[in-house]
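Asker: Got chain Y; can you put chain X on it based on the hints?
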Amino acid sequence: MLRYLRTRQAKLTPILLLSPALFTMLFVVALPLVFSLYTSLTPYRLIRPETIEIFIGLRNYVRLFSDPDFWEVFGRTILFLLIALNLEFLFGLGIALLINRITWGQRTLRTIMMFPMMFSPVLVGFQFKFIFNDNIGVLNNALQSLGITDQAIPWLVDRELAMFSIIFAEVWMSTSVFAILLLAGLFAMPRDPLEAAKVDGCNSWQVFRHITLPFIMPFAFIAMTIRSLDVARAFDIVTVMTGGGPAGRTELLWTLIARTGYENARMGQANAMAYISTILSIAFTYFFFTKLVAARRFMGGAE
Amino acid sequence: MFRLKGKAMLATALVPLLAMPGVAQDYGNFDGYTLRVKLIGGAQYEPLYSEISAWEEMTGATVEILSRQNHFELDREIKQDIAAGTLDWCVGSNHTSFAPQYGRIYVDLRDHISEDVLSDFVPRVLEHSTVDGRLVQLPRHSDVSNLFYIRSLYEDEANQQAFEAEYGYALTPPETWAQVADQANFFADPPDFYGTQYVGKDEAVVGRFYEMLVAEGGQLFNDDWEPTFNSEAGVRALDWFVDLYNSGAVPRGVPNYLWDDTGLGFASGSVALNLDWAGWSAFFNDPENSSVAGDVGLVRAPMGSAGVRTGWSGSHSFSITETCDNMEAAVSFVTFLTDHDRQMVEARNGLLPTRTQVWEDARAEFAADGRDFMVEVFDTYSASMAEDAFTPPLIPEWIEVSNVIWPRLQAAIVGDMTSQEALDAAAREASVIMEDAGYN
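In order, the protein sequences belong to chains Y and X. Quick note, the first sequence lines up with residues 0 to 302 if you use numbering that gives the first Met the number 0. Quick note, the second sequence lines up with residues 0 to 439 if you use numbering that gives the first Met the number 0.
So here's chain Y without its partners, still in its complex pose (with noise of 0.2 Å):
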């Protein structure tokens, strides 16, 4: 019987220890989650509580999924994740890479490097908002100045190049995550595979392209899985710079769903939305572990 009671013991240990976790997670995590789930299926208004209680079943996701204007902010989405992302990538590598050669003052160009990271976005779209201005801008008085053009250039109106100027104030800001997560990479790795590759005679591009490039690729898809959910910051940037417009030529999910949700009260439906557009988070997460484990496997460090 003791004994009996000892092992039921010791089976129900782990599942004591772990209690604070599943509670935490089932109360932050699991709870709002169901909750807005539950409240896509309802018109649930923010400024009139008792519309909760309406079930209107999928006629949220309905209207969606018929709505072209929706597909159209979607599809941009996706086009501006891809665009940051492999900038932000590019970039932060030539950062890394640059960072890595130096031996003097290398932690102080470390920290004037993260600067663009500690400004809170609504900064950012404010700093780059005046920037593009047309008319008092500093970009266009530069360009006037220097005699490169003698017209006032729409950056926040005209279609491509609101959305260049979005992406660019984004990269500014967010480029340093991936300096920093493949100067971490760069600073990991081992000496011996690259002093063995240049006594094998391998020019730098060999070296870089088959040594370094692979063993910091897991770090980017780190980075890459972080930045594809924390992007979401540049609501802030978006709403501040151009605010979705002109006539919805920089509309992204977040600043449709903050306005339907907010501003127009109706809280079902953005959620739904909000619903929608986590498939696309969870494309992406899945997308990058993929390639997070196949790098992982390609450099050997998986198994």
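The set of hints was computed from the structure by calculation and includes no laboratory data. Since this is a predicted model, take the numbers as computed values, not measurements. Any given hint could turn out to be false.
Stated by the list, open to error - With the C-beta cut set under 8 Å, the calculated list includes, among others, these residues of chain Y facing chain X: (1) 120; (2) 156; (3) 231; (4) 246.
As the list claims (entries may be wrong) - Chain Y side only, calculated, beta carbon under 10 Å to chain X, not exhaustive: (5) 40; (6) 43; (7) 44; (8) 46; (9) 131; (10) 134; (11) 136; (12) 139; (13) 147; (14) 148; (15) 157; (16) 209; (17) 241; (18) 248; (19) 262; (20) 265.
C-beta atoms are modelled at their ideal positions from N, C-alpha and C, and glycine is treated no differently.
Answerer: Chain X in isolation, oriented as in the chain Y frame:
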């Protein structure tokens, strides 16, 4: 002799005491009570809050400011409070355009504030603060726009001759929006100089379009609340914005402009005409901040083809929640923040008062100090507040309707749609919102 002198001195000492309106007011005693409030934050709103400590000293109460954010953030927070049922605060900042959304969370102030106090406010502003027959806001300061211009451009003889030769009438500050368009095209020399500018996104551009629609003789909705802004008047109103954009008389970036952009643009000296609120007047005439200081003229907002002046207006205000646990303290607080002396504090910064007496007293103070431009500002703005001001429809759906209109207005301005197509599309979307809300 000594006694007489003493009496004379006492009488002299009493004169200022009797003349001070603030001293006579009793704001009550709420010793130990903490009043919880949510206020709008921002540079132009803050000077008033430094007065709060005076109310705390007078009443013994403490004010706990739970929130101090811009109005859009505050609106979001209040909606969350409504949804979560956490309206555990008493006083909140409010605005004419936002107030109808909040349903019945705020008390009817006519039940709590005496008619004596309310009769000191400008009647039209109180009318604008009323939703469904209930006075849900005590107005703090008002907002309406008039037309600032660079005076030297109009005094220049070469400009006068060239303009008259081209347009067939004398170059004087404009009386109509058609004249604004002519003069804006005349002065424009992009990218160095522009004729005029306008705010081009969010509720701001809808407000500008709406006032132009009224000035052109149109309306947003008919009596059955069906959208009618896609009428001929609507197209004329929108064409005004589109034509100026196409001719290059306004900066190419206007579809992205908000109030800061237009204000700073005019202060930079690169724009001839600028429709704006009075809050900028001191800034425009300050040599530290503005390159047009000393050269700023002001006229009342021009008329549209229907002979009506544009006058989109709203007021910042204070409201008291139905759930407030100390109504007397809350009433005392909002009455204090909108009393004569407090409104003088705001008026000195160029904000438009909501009390009739403050209009006169502020103007007299500016005249005594030799601030002639501010006297002109108060004369112009008091005329437009009294005669031209009108609000957007005071319905809960206003913000949502404006959110479907502005992307379409932008689409017309940047050339993605014609004015008629854009307004038809916006009207269709607005119809769905109004139908969903049960109007028709």
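Asker: A separate judgement is required for each hint: does it hold in the structure or not?
Answerer: Verification of the hints:
no.	hint	result
1	120	violated, 15 Å
2	156	holds, 5 Å
3	231	violated, 17 Å
4	246	holds, 4 Å
5	40	violated, 17 Å
6	43	holds, 8 Å
7	44	holds, 9 Å
8	46	holds, 6 Å
9	131	holds, 8 Å
10	134	holds, 4 Å
11	136	holds, 8 Å
12	139	holds, 7 Å
13	147	violated, 12 Å
14	148	holds, 8 Å
15	157	holds, 8 Å
16	209	violated, 47 Å
17	241	holds, 6 Å
18	248	holds, 8 Å
19	262	holds, 6 Å
20	265	holds, 8 Å
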